[in-house]
Structure formats: C-alpha cells, structure tokens
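K.L.:
Letter by letter, the chains look like this.
There are 2 protein chains.
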Amino acid sequence: MTSLTLALDAMGGDHGPHVTVPAALRALKLHPSLNIILVGDKAQIDIHLQSAEAVLLSRLEILHTTEVVKMCDRPVHALRSRKNSSMRLAIELVRDDKAQACVSAGNTGALMAMAKVLLKTLPGIDRPALVTCLPTVTRKPVYLLDLGANISCDSETLFQFAVMGSVLCEAVEKTSRPKVALLNIGREEIKGNDQVQQAGQLLQHTDRLNYTGFIEGDEIYSGNVDVIVCDGFVGNITLKTSEGIAKLLVDRLKQGLTQGFFVRFLAKIIAPRIQAVLSQMNPDHYNGASLIGLRGIVVKSHGNADATAYLQAISLAVTEAQRRLPEMIKDRLESILLDINS
Amino acid sequence: MTSLTLALDAMGGDHGPHVTVPAALRALKLHPSLNIILVGDKAQIDIHLQSAEAVLLSRLEILHTTEVVKMCDRPVHALRSRKNSSMRLAIELVRDDKAQACVSAGNTGALMAMAKVLLKTLPGIDRPALVTCLPTVTRKPVYLLDLGANISCDSETLFQFAVMGSVLCEAVEKTSRPKVALLNIGREEIKGNDQVQQAGQLLQHTDRLNYTGFIEGDEIYSGNVDVIVCDGFVGNITLKTSEGIAKLLVDRLKQGLTQGFFVRFLAKIIAPRIQAVLSQMNPDHYNGASLIGLRGIVVKSHGNADATAYLQAISLAVTEAQRRLPEMIKDRLESILLDINS
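Chains P and B are the protein sequences, given in the same order.
Numbering (the working numbering) for the first sequence: 1 to 342.
Numbering (the working numbering) for the second sequence: 1 to 342.
No lab work stands behind these hints: they were computed from the structure.
A quick note: this is a predicted structure, and the numbers were derived from the prediction, not measured.
Hints should not be assumed to be uniformly reliable.
Any copy, or any two copies together, can satisfy a pair, since identical chains are not distinguished.
[To be verified] Capping the alpha-carbon separation at 30 Å, the derived lysine-lysine pairs in DSSO-like fashion look like this:
hint	residue 1	residue 2
1	Lys140	Lys247
2	Lys98	Lys83
3	Lys179	Lys254
4	Lys140	Lys254
5	Lys254	Lys174
6	Lys29	Lys140
7	Lys116	Lys191
8	Lys120	Lys191
9	Lys29	Lys191
10	Lys191	Lys83
11	Lys70	Lys191
12	Lys116	Lys254
13	Lys247	Lys330
14	Lys70	Lys42
Chain P on its own, in the form it takes in the complex (with noise of 0.2 Å):
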C-alpha cells in the first residue's frame, strides 16, 4: 500500500495508553506502509513503547499533550473548552493533511461535535452517521446507521445515509451494488412513521442504489441485506439490545450447562467451542465504528476496547483511507443527486 499516516487520541477511552499503545505497534506491524501519530501524554505513552521495537519505533511520533477530554464532558463544552485535548489534535491532524485518518476510543459525543467542526460534512451531506457493521447468519457483515449521531432524522436525512451506508459497504466489503434496506416496523408500504414512508419513496426513485425496500428488527442479523438505515435514536437501541440479549443467552447457557456432573464434564471439553462462537459473536470482534460523511475519515472504537479491538478500529481507518471513503462518497452522492434532478 501507499504510505499512510493515523492520528490515533491515545488518551481515549477506558484504558488509554494501556490500550492505544500495543494496539498501535501491532498495527505498525501489520501494516508495513503505515505511520502514526500518538496523540497525548508522552510521560504515559512512552511507558508502553520501552521494549518496542526499533524498527517500529521508527514510523511512530508522538504529539504531545497533557489535556484530554473526559467522558462525562458534554459535546459543546468539550468543542468549547478542550482545544488542546488529545482527540482534538488528532481531528485537526486529519484536518490540516497530516494524516489520513484518524482514531479515538473517546466521548462519542464530543468526537462527533469535534469532528463535524473541524472537518465539516461532505456536499450534499447535512448530518454525518455514525455506522458499524455487525455479524449476520451468511457470515457476510451487515452495515447499520446511524448509531446514535442524529437521534431524529427527516427522510432526507434517511436517504443520505442510504447512500454513505451503500458508499462504505461497497469500499470496505467490496460488494457490488449492496442491498441497501430501511429499517421498520413491518415490511408494507403502508407501515411505519412518515419520515421512513418518505425515506422508502425517494429511494424508490434512484436506480444507482439497491434499495430492496423495509426491514423488521428480526432480519437485521439474517444477511439479507447489506446496508440497514435508520435513525439514531433506533439505531443505538437495536445495537445495544442486541448486545443485551446475547449477554443473556450465553448467561443462560453457563447456567443451563453447568447443572448436573455428567453435563458439567461434558460442557467442559466442549466449553473451548462454544467459547469460539460466542467470541466470533463478541461486539470487539466488530469494534469501530465510522463517522461518516465528513470531509476526513475519523473511526470509534468502543471505550472498553482492548488491544485487539482496538487494533481492529485501526485496520477499519487503513482500511477506509486506502480506498478514499470520503471522495467515494462525494462522488457517488453527486451522481445520484444529478439522477435525480435530471
């Protein structure tokens, strides 16, 4: 790959340094082209980085910083008043062409206000989503957004992240025109709320999406669409059920496996198997989600990510700089608006 450069807010999140540091040397070596910019605390980082690698050492920077914006912060006050916070600085290395992209386990709600500020959405974009992709029973990823960056939306809104969420699917999965759905409360045109009435009509009205039509809540994880829209206020609450109810199966099957002797030594031999499942079903398996729209590419990873997920957020951000999201979302979002006023 060409070189690239990742400004990582190594102060975010739940563990910081702890966290941000190891997941940014195993992504330097992974990624042979690839250079990053610590942003932070150097006293802290440097902490971590003793018994790196030189070679490594080699493609990493630190950018120092001793503020950081905390996560009980509201997003206006930290827009405000942080402006020399670590995920600041990272949003304007993206900003001013120092790096490609960039990537915080921080307050999701001052990244977006910081984000949208700095590096300003997309034309023909009013709102930036906030998406992720999450695990379906044909193994292949569906996207949904938004996650929780716009609580409502009009149908406008709703069409444009159609068109991002098609945009990201076909970049990072290489799919070819994914099936792109709205999320609703039944599948008849007649159902739902006006905003996802309105939402369906106007992409009835575009051939350049795959638009198949509604989705109900239990087809989200069937793999039969790609792309799945809704609004934020939706969107988080179907994530973060979905994280509720798997918490309470596995639950449910500790206990159910560990009644009885025979059952108990049997479920032990095959507990590594089941632990296997259930890990490829683990939310950091999936960790980073994308604010998309905007004239930069700035991912979030989950506050309590380790390592490993954190790694997996920066490999979405490479991911995601390499084929240009941004200018792929451009691009398609002018041809589809020309389709439509012509």
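Got chain P; can you put chain B on it based on the hints?
P.N.:
Frame of chain P, contents of chain B only:
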C-alpha cells in the same frame, strides 16, 4: 377462582382451530372455573372437539360465524367490513359483558382498531398500548411497552404507558412498586429526544410510581427494572431485533458444535440441555401481548403460536380477568392524576 368466561377468536392466527381448540380444552382442564366461548366456524371447530371429555365440553360454547379477518386486511377495512368476523364477535362478547376477556392470534392492526372502537379507552388514557413480558438474567420478567400499537408517542402518552405498565406488572407478577424506566440512548438527563426527556420529567414528579430513570438497550434483559416504556416504533424493533440476534446465536452455536467428530459426539449428549435453555428463551414461552388501557381485556397471541404457546396467552387473559386489570389501571391512574394536579 370465581367463574370466568373467555371469548376466543378460534379462527385467528396461522393455524386457526387446529391450535386454538386444543389450547382451549387444555385451558378448561387447567382452570376448573373457566368457561370458554369459541367464536368461529362450527364445522371446523367441531373436528377438534370429537375426542374431548364431556366435563370440559360442558364449559365450552361455540358462537358460529364463517367470516374471518384476513392477515392482509387493513385495520380500517377490517373495522368497516368484517362486522361478523370471529375477531369482532369475540371483542363484542367482552363489550357486552358476556365474557371477561378475549384472546386472538389474528391480524394485530385489525385487533387493535376493533378493540379501541368497540371497548373504548379508560378515562385518562388516550391510546391503548401493546405490552408483553420478556425474560431477564435474574429470571424475573420485564414488561416492555408499547410494541407497535402507537408508532409515535408524545410525553403524556409515554407517561400513561408507564402507569399502565406498572399496574400490569403489579397485578400479574405481584411485584410491589415495580421499577419503571424509559428506554433511551443514554442514562444522562440530556440524552434522547424531547418526548423521552419530557416524559422523564413528568415521571419524576409523581411518587406513586417507582420511576428509576432512563435505561439503555443493553439493560433491557438485565432484570434491573420491571417495566420499560418506549414508543411503538422503538418497542417493535427492539422486540424483533431480540428475536433476530437470538436466532443468529443459536445458528452459530449449532454450527460450532457440529464441526469435528468428537465435539459433535459430545454435543449430541448435551444437546437436550442446550435445547432446554433455548426453549426457555423461546418467545412462545412468553406468548401473549396484552392490549391495555381499554375498558376490557384483550390478549394478542403470536400468529404462529402452537397450542402450548396459545395456552400461555389464554392463561394471561385469565390472570388479567381475575385481577380485574382495567379497573386497577383506572383507579391507579385516577389517584396519580389527582396527585399530580393537587
């Protein structure tokens, strides 16, 4: 128990009398003071009564009609044109005090429309809500409403749902002062849309409900609260998403446990235990969504319920009738409204 009469829409659901009649017979056996009126095509119903015990038949009555509400009927059409349908006649039996509750596995939209028009809402309730209970980690069920009867809801409606859900949980589970939460995209007061935020403020101002604040999707199944309130769009998608992810997990588990001879062999031995766990999680075990806020009791069964699942819905209707749920909700709501206005 004192003598109770239930009206069953014998023709509703995917399987009609094939499921509803055997379930009715099992309900009569289970509840010795129960009487049932089966509403539907006598010839079709009779087929399933041929080997029934005479002692049960003495508490069973058939109200013959050949008209049915189709699954594809729009609610307005069903309301105007299906005047002699099994669904409508069953609800009319409740309206006319000939039955204390009715159960249908038919078209949900039509059932809600007919129930609202024929039974009317309770004083102080603007819109009925569809509610069901779900399993949790602590084994104490949680009540979730609304599940799709009301696509969008203002704060006042969400407040009324909280009251109704709390009374239902108290009546059925005998939980004293059930913990009530609003489903939102964060726990902080600033999170969410206007409706949820304002509903939170309304709920904070009454001591008559045990309101505990906002809850996120990943806590639905935690057992931390007893009642969760949201609008019907979010509730429907939440419920169906849970079904979807549960299916995915089961699927992955099956695949994981059939790879390799030894694992397959062991997995076969403990398969019944896994099956037992999964069947506890089966939505059929929690079959029966109540349409509450009406001057009568209406329980909706899954369309594809089998006799065991349909029996659950009947038993739920029996419990609600025994506890005189509509009167309880009415009284509680009156006292809460007095409290707020004083």
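K.L.:
From the Cα coordinates, with 30 Å as the cut-off, is the pair Lys29 and Lys191 best called within, between, both, or neither?
P.N.:
neither (50 Å within a copy, 40 Å between copies)
K.L.:
Could you figure out if Lys116 and Lys254 sit no more than 30 Å apart (CA to CA) within one copy, between two copies, both or neither?
P.N.:
Neither: 44 Å inside a chain and 44 Å across chains, both beyond 30 Å.
K.L.:
When Cα atoms must be at most 30 Å apart, do Lys191 and Lys83 count as within-copy, between-copy, both, or neither?
P.N.:
For Lys191 and Lys83, the Cα distance is within 30 Å only across copies (24 Å; inside one copy 46 Å).
K.L.:
Have a look at Lys29 and Lys140 and pick one of within, between, both or neither, based on CA distance no larger than 30 Å.
P.N.:
within (27 Å within a copy, 49 Å between copies)
K.L.:
Between the shortest in-copy and the shortest cross-copy C-alpha distance, which are at most 30 Å for Lys254 and Lys174: within, between, both, or neither?
P.N.:
between (38 Å within a copy, 29 Å between copies)
K.L.:
Given identical chains, is Lys120 near Lys191, meaning Cα to Cα at most 30 Å, within a copy, between copies, both, or neither?
P.N.:
between (35 Å within a copy, 24 Å between copies)
K.L.:
At most 30 Å between CA atoms: does that hold for Lys140 and Lys247 within a copy, between copies, both, or neither?
P.N.:
Both. Shortest intra-copy (22 Å) and inter-copy (16 Å) distances satisfy the 30 Å Cα cut-off.
K.L.:
Is the C-alpha distance from Lys98 to Lys83 at most 30 Å within one copy, between copies, in both cases, or in neither?
P.N.:
This pair counts as within: shortest intra-copy Cα distance 18 Å, inter-copy 71 Å.
K.L.:
Within, between, both or neither: how does the pair Lys179, Lys254 come out at a Cα-Cα threshold of 30 Å?
P.N.:
between (37 Å within a copy, 27 Å between copies)
K.L.:
Since the copies are identical, ignore which copy is meant and state whether Lys140 and Lys254 lie within 30 Å (CA to CA) inside a copy, between copies, both or neither.
P.N.:
Intra 28 Å, inter 18 Å, cutoff 30 Å: intra and inter.
K.L.:
Using 30 Å as the alpha-carbon threshold, which applies to Lys116 and Lys191: within, between, both, or neither?
P.N.:
For Lys116 and Lys191, only the inter-copy Cα distance (19 Å) is at most 30 Å; the intra-copy one is 33 Å.
K.L.:
Indicate which option fits the pair Lys70, Lys42 if close means a Cα-Cα distance not exceeding 30 Å: within, between, both or neither.
P.N.:
For Lys70 and Lys42, only the intra-copy Cα distance (18 Å) is at most 30 Å; the inter-copy one is 69 Å.
In terms of the numbered hints stated before, the structure departs from hints 9, 12, 13, listed from lowest to highest.
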